[in-house]
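Chains A and B supply the protein sequences, listed in that same order. Take the first sequence: its position 610, counted from the start at 1, is 610 in the working numbering, and no numbers get skipped. Just add 659 to the spot in the second sequence (first one is 1) and you have the working numbering.
There could be a bad hint or two in this list.
What the hints assert, rightly or not - Rough simulated footprint, nothing fancy, chain B against chain A, three-plus residues with beta-carbon under 8 Å:
hint : region
1    : 266 to 278
2    : 308 to 317
3    : 365 to 374
4    : 394 to 403
5    : 472 to 486
Everything labelled a hint here was simulated from the structure, so no lab data went into it. Where a beta carbon is used, it is the ideal one built from N, C-alpha and C, also for glycine.
Here are the chains, one letter per residue:
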Amino acid sequence: MHSWLIHLIKLLFPPQVLLPDIIGIDIGLTLSALAIVVYLTKTHRWGWLWKEWLTTVDHKRIGIMYIIAALIMLFRGGVDALMLRSQLIVPNAHFMGAQQYDEVFTTHGTVMIFFMAMPFFFGLFNVAVPLMIGARDVAFPRLNAISFWLFAFGAALFNISFSIGGSPSAGWFSYPPYSELQFNPGVGENYYLLALQVSGIGSIATGINFLVTILKLRAPGMTLMKMPLFVWSALVTSTLILFAFPPLTVALGLTMLDRLFGASFFTLGREGMPMMYANLFWIFGHPEVYILIMPAFGIFSEVVPTFSRKPLFGYEAMVISLLAITFLSYGVWVHHFFEMGAGPGVNVFFGLSTMLIAIPTGVKMFNWIFTMWGGRIRLTVPMLWQLGFIPTFVVGGASGVMLAAVAADYQYHNSYFVIAHFHNVIVGGTVFGLLSGLYYWWPKMFGWKLNERQGRWAFAFFFTGFWLTFMPQYFLGFEGMTRRMASYPAGLGWGGLNAMSTIGAFIMGIGFVILVYNIAWSRLHPEWDTTGDPWDGRTLEWSLPSPAPAYNFARIPEVHERDAWWSLKQAGKTDAVKLSPDQVEPIHIPKNTPMPILLAASFFVGSLGMVFSWHWMAILGGLGVVASLAWGSIQDDTDRELDPASVLNTEKRLGRVHP
Amino acid sequence: MLPRHLRRWWPLVFSPLVLSGCGSEYVVFHPAGPVAATELHLIELSAAIMAGIILLVWALLAYILVRFRDTPNNPAPYLPNWRGTLWLEAIVFGVPVLVLLVMAIPTIKKTYALDHIPSTHPLIIDVTSLDYKWLFEYPRQHIATVNYFYMPTGKPVLFQLTAHSPFGAFWIPNLGGMEYTMPNRVLPLWLEASRPGVYMGRNANYSGVDFWRMTFYAHAVRPAAFQAWVQQVKKSKPPMTEREYRTLATHFDLVGQQSYSAYPSDTFPERFREFTIEGLHYVPTRHP
Chain A
1 MHSWLIHLIK LLFPPQVLLP DIIGIDIGLT LSALAIVVYL TKTHRWGWLW KEWLTTVDHK
61 RIGIMYIIAA LIMLFRGGVD ALMLRSQLIV PNAHFMGAQQ YDEVFTTHGT VMIFFMAMPF
121 FFGLFNVAVP LMIGARDVAF PRLNAISFWL FAFGAALFNI SFSIGGSPSA GWFSYPPYSE
181 LQFNPGVGEN YYLLALQVSG IGSIATGINF LVTILKLRAP GMTLMKMPLF VWSALVTSTL
241 ILFAFPPLTV ALGLTMLDRL FGASFFTLGR EGMPMMYANL FWIFGHPEVY ILIMPAFGIF
301 SEVVPTFSRK PLFGYEAMVI SLLAITFLSY GVWVHHFFEM GAGPGVNVFF GLSTMLIAIP
361 TGVKMFNWIF TMWGGRIRLT VPMLWQLGFI PTFVVGGASG VMLAAVAADY QYHNSYFVIA
421 HFHNVIVGGT VFGLLSGLYY WWPKMFGWKL NERQGRWAFA FFFTGFWLTF MPQYFLGFEG
481 MTRRMASYPA GLGWGGLNAM STIGAFIMGI GFVILVYNIA WSRLHPEWDT TGDPWDGRTL
541 EWSLPSPAPA YNFARIPEVH ERDAWWSLKQ AGKTDAVKLS PDQVEPIHIP KNTPMPILLA
601 ASFFVGSLGM VFSWHWMAIL GGLGVVASLA WGSIQDDTDR ELDPASVLNT EKRLGRVHP
Chain B
660 MLPRHLRRWW PLVFSPLVLS GCGSEYVVFH PAGPVAATEL HLIELSAAIM AGIILLVWAL
720 LAYILVRFRD TPNNPAPYLP NWRGTLWLEA IVFGVPVLVL LVMAIPTIKK TYALDHIPST
780 HPLIIDVTSL DYKWLFEYPR QHIATVNYFY MPTGKPVLFQ LTAHSPFGAF WIPNLGGMEY
840 TMPNRVLPLW LEASRPGVYM GRNANYSGVD FWRMTFYAHA VRPAAFQAWV QQVKKSKPPM
900 TEREYRTLAT HFDLVGQQSY SAYPSDTFPE RFREFTIEGL HYVPTRHP
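Isolated chain B (complex conformation) (with noise of 0.2 Å):
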């Protein structure tokens, strides 16, 4: 009964979901640039190897219950005192171990990978997330911006991440996995866009009523049209002042996109004890 019926119904299950996987709201699908390429290629190496055990596992399944089923005259052999078989236990030993290690290895490399920024001059971001939005700060640009921010693409950015309210998590997923943003803490991430495009991004992590509300946009641009564009915002907007950064600090609400052609300079936690851009990991210069 079970093995038809699953072979009645699996296909009808997976086949949308399986030829929808390649629209492009499939987000984790569409990688934009190394990081979430370098983590799609694991997902995509892991997925395949899990899909094999698992047919695997279903197709013994399946025949076993179509031959060992208690139906008078079933000519498939009995065996009652079968307490278990040497060799097939080591079998069944050995198979998880060798799939365990063809996917511990990629895991390895590819998390030291990822934890090296390719370069020595990254763009630097600071990041705070508040009660319910984000802000972007420039540290080398000084300049500041709400619920949206522009990076040049082909250079990786480092991400220097922390929070003024509950735990949040920062997610682009076109550009690469996610980081906390922790209250006391700075954590790094970075990431990088290979191509021009806007990427939506937004809080993982559930911080309070409308956390699902926060996304925010990152507009990859050419270096040029980065160069511009800080430059535009320089010119054309006003500074963020104490009491704007603490209205933003503290009031619970949404608010739209903002610019702030400079910003107040304690804005942003001291990195001492947690990590610095010298830091342990994260050193460009050790890692050139």
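With the rest of the complex left out, here is chain A (with noise of 0.2 Å):
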């Protein structure tokens, strides 16, 4: 054999991955993938795929494809946090290697904030804000699709880093000195830098695309302070991406250069400053954790007065609330390593900016309680979902206030603590938050509602395994059990919470297991929805039919109060959103375009190439990138227009029109 094919064969294939269980996983994947192709071309499916979802720009299926994606990526991020429970259920446990744990806690936390919880909550925001503020889409359609697909190929980057070339295995925040060519010498880590920058690049698109939908798109009527919590929600996080990801943009790109390019940015030699890695990190950080949990406040505070059938309580307070975490989530970075010198006056000063952000938070947890109050309390499974979240989130930030307290955080910082707080805030928070979401929105997505007592049992394997696996990791860090040990020795007093902490995290599982099944069953046995408005809702997106027509609204509604939908109820002037035949009017909707999947794809081989330092393939790949985004410029047609009549043949179709 040529010897440069060995070469290629020992880059592609180092001893990481062909260990049995990834070869096993590869196979089985494989073989899926190869099910998948034969399924579609035996039912003539591909032209469908293309046309309808590959190409689309529709905010509707782009948000479907977003949650499908996110849920294929939490059960990644699953699997990859039982392997790390399975290897610390007992003392001196070498299920794994030490290379391959640090492996497996670097995708498993890289995965589940950007490839789950984001393109969860983008999903979420692309199914329901366009509907929620009257719009027919998002203010850049096309942009929008190139913000999905640059996070898939972006996600399907770092994944394939699983079989090929070595997983990244320096940490999710993946620090220097030790993610230099100096001690990690693998391809792993250009996998994590290339593959966050490319789907970055597509986070902050999106915040420019929401951003802009928010302020522009609203139905006449609807102002500022009548807009739903939930689009409040996205509107802040759309400005906490847009600030945010500059920095990690910066961090990544100057790692980057060191790595490929020989520069010395944050290397050991060379007076390196790794430090200042740890800075722009945090600076990105921080507020990433805020862009993670304002989507749940949302949407929470969507799930309340509907099934309390109430108002929210405090409005006002709400939206200042969700200003006043944005603006101070700029301002508490450096609480994430008080432990590197700063120096008592920089601490403190970080120390109570953080405590500062409970106020607003603090306002928000009584809001949502006292909006139950003197309510009627449905407990639906989106509901549950939000039961659950309080007590749960209410711990997650009190430890959050006593890691704040610098001095005991010289004891807490990267201790099993902290790993308890932030997946106290994260899982019991956004995810709770995402899956409520999930329920609440399902029918309007596909029509057809998930069952509720399989949702429950969802639910209920979920918090009680929540539970069961974090609580007794507040005392493992009490004992000094520190993050990311890839094992431990016998007569620490470790084991017994170690253990039950595992067998919470299987129950966990389990409730995964029971989500899919719900929705598959579901699937097969739908409950349709008849009615668009299957929850008695309070918003304009359940003035809608289940799902919504391609153009959303046939005509714009106009909003004068704060539950459009809900005070049209209140008056019996539901006939309000129905057409008289003289009042349609030809709609533009945007045209599909393979555009954004292309420019995608360019990024992915180009970046692949950078991956394996193969610069033909990174050119090739960047050519292609000039070459999708000069097409897209000069394309003229890119929207259609829907005649009256067909628009009137669909609003007949669901009953929408007056007689």
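Hints given; two lone chains; assemble the complex.
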């Protein structure tokens, strides 16, 4: 054999990807991919897939694709978590080697934050925000598709590191100098850097898109202070993304220059300043956790009023709190490294600014509770997630305040106390919120509801498992167990709590399996939502049929009240959303285009070239990016007109035309 | 459904945790020196305040869930148009503000307090984290050890921390909180042991595959015993050569405990930029 071929094989398949479990999963994935290809070919669905989904610019379909991708990534990140917990169930377990353990906690964190939580709520933004503000699409539909495909190809790039070349292993925040070539010579870290950059471009574009959509495309009469809270949360999340991602881009870009082009921004030798990376990363990283939690706050602010049959308590205070959190979140990043020698003045400043965030958050907590006061609480599945959220999140918030007490943090830092804290807020806040939103808007996405009974079981398992997993971890922190330990010796007294935690993780896993079963079962036995308003909702998306037609609103509604749809229902004027035949106008909707997927695929090819330092391939991908952008810029006919007759027909079929 | 569910499960989850909180494996709860004790006070204070908030929220939620369920003939008042009441919103805002004030003041006080070494002549130990071992150098006694060290009880020790490896974190939970070790920088941390004992420390920051095996032992002994130990190391142990230092620094391996009667002078970085013993916050002379 040629020596270059041997070299190539060694590069693509280093020992770390030749472990039996990885090869087994590779085979399983290949077989499933083949099965999907065969299925699509046999049922002649390639054209359908291309026309209806891969080239779509419809926000509702993009939303659905985001959510499907996020659920797959939740599965991947969840399996990672179970592998980590299995390793720690007893002292001295060596189910995985330390190197593999390091890779698994790195991919667990990165996948869950960048490829599960963010796309999940981008999906819910896409599904709900335009419908809630009475818009026909987002402001830039093609950019929206570009965002999705950049995320999808970024996620694909990150995930193939599992099979080809080796996974990154420097942790989700990837501190140099450990992430530099000297200590981390494989290609895994390159995958991390490039995948986050590619999907990061998509995230910034999504931020811009929703910012403009919400500021410019609201229905007449919907002033800012009449917007649903979920729309407010999308607005502040977009703002956060816009200002938080650039520092991450810089940090990743400089690390990339170090690794690929021999620079020394953060290296151990040659006067590198790894501390600078810590600052840049957390200037992004702390707003990022609010990027993760704000959408959940928004979802709960919709779910609680709906299922309490009562308007939100203290709407103005809720809005001000969101804005206050947004502002404060940029001034707290040093609390991630009080132990890096900043001195008491700086540390105390950042400790107190962190505590300040607890004020608006506490206000929100009490406002949700008082929204339920004097209401009529229905225990539907979305509401159960919300009711699980309040007692859980208050613990996570409280431990967050404890961490902000600087001198105490010297003992908590990097210990399992921190692990417990951030899972308490990210799982108990973000994931509970996303699942609440999933059940809530599911009928609006697909036209059928998810089975309630199975949903309650999924919640019960996930919730119980959550508490059993993470409460012991606070105490493990007090026992001196630090994060990322690939194993631990007997005799430290850590065994019992770790075993408890692992059992809890598997109970959460069962909860996830029930969730998937719930989706599949409900698809096969659909409970159709014929009214478009299955929950007796309050906001405009429930005034539309489920699922909404491609153009959403045949006639843009006029808004007079905060809970626009609820007030129409109260006044008995629900017919106001119906059309008279003479009111129908032609509607412009954007045309499908393959440009976004081609652009993202070019990014993928170029990035893969960068990962392996194959410069010809990087240049090829770069040319593809330029070509896609150029082609996109000279396209003239980007939208098409739906003629009034066909709109009227559709609306008639949906029973939304005055006789 | 939920409150009953909670009532049934919480004691089961918590009682074993709380009861076992007294065991000696809870290193943070067993301070062996003033730094760890100060930190524990702050932990206890904040935990108590936060427990109050948590219980308040749980109780409110449970009450509301029982009272305002959507059941037929529920006698509780239904207020479909209640959007807020100013005095209630003021309380909702005021409670977190008050709670945080109560927490902020001790946080400020203790953080500043921990920053001043209560001695003009602390024992100085230069600490370097290496892959995957700890090097301890005594600049005044001119001896060095690997993966263990001795310190006298009742006397503050100033650890000057650096790394010749990726970031590490120096943590002896019984004696006090951690501080990072970073390449090209020197960071200070002071700790003190009030009673003799052997306290385990570890690298609390991920710095490579074997970082979690980077444990070391702090032997706190009476001052006379400490002096005796220093003399014994000086007399009976070999000096560390340049070559031995390079081997320690560049071989990514685990080693046992070692002792040296001397060490090369240039193995610890100069401190002119980052901090000196006469530096800004750690000035024994300015804060006697």
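Against the structure, the hints come out as follows:
Residues of the region 266 to 278 of chain A with a Cβ under 8 Å from some Cβ of chain B number 6, which satisfies the need for three, so the listed coverage holds. Only residues whose C-beta sits within less than 8 Å of a C-beta in chain B count toward coverage, and the region 308 to 317 of chain A has 10 of them, enough to reach three; the restraint holds. Proximity of the region 365 to 374 of chain A to chain B, defined as three or more residues with a beta carbon under 8 Å from a beta carbon of that chain, is established by the 8 residues found. Closer than 8 Å: that is the beta-carbon criterion, and the region 394 to 403 of chain A has 6 residues meeting it against chain B, so the requirement of 3 holds.
Judged by the Cβ-Cβ criterion of 8 Å, the region 472 to 486 of chain A is covered by chain B as claimed, because 11 of its residues qualify and three suffice.
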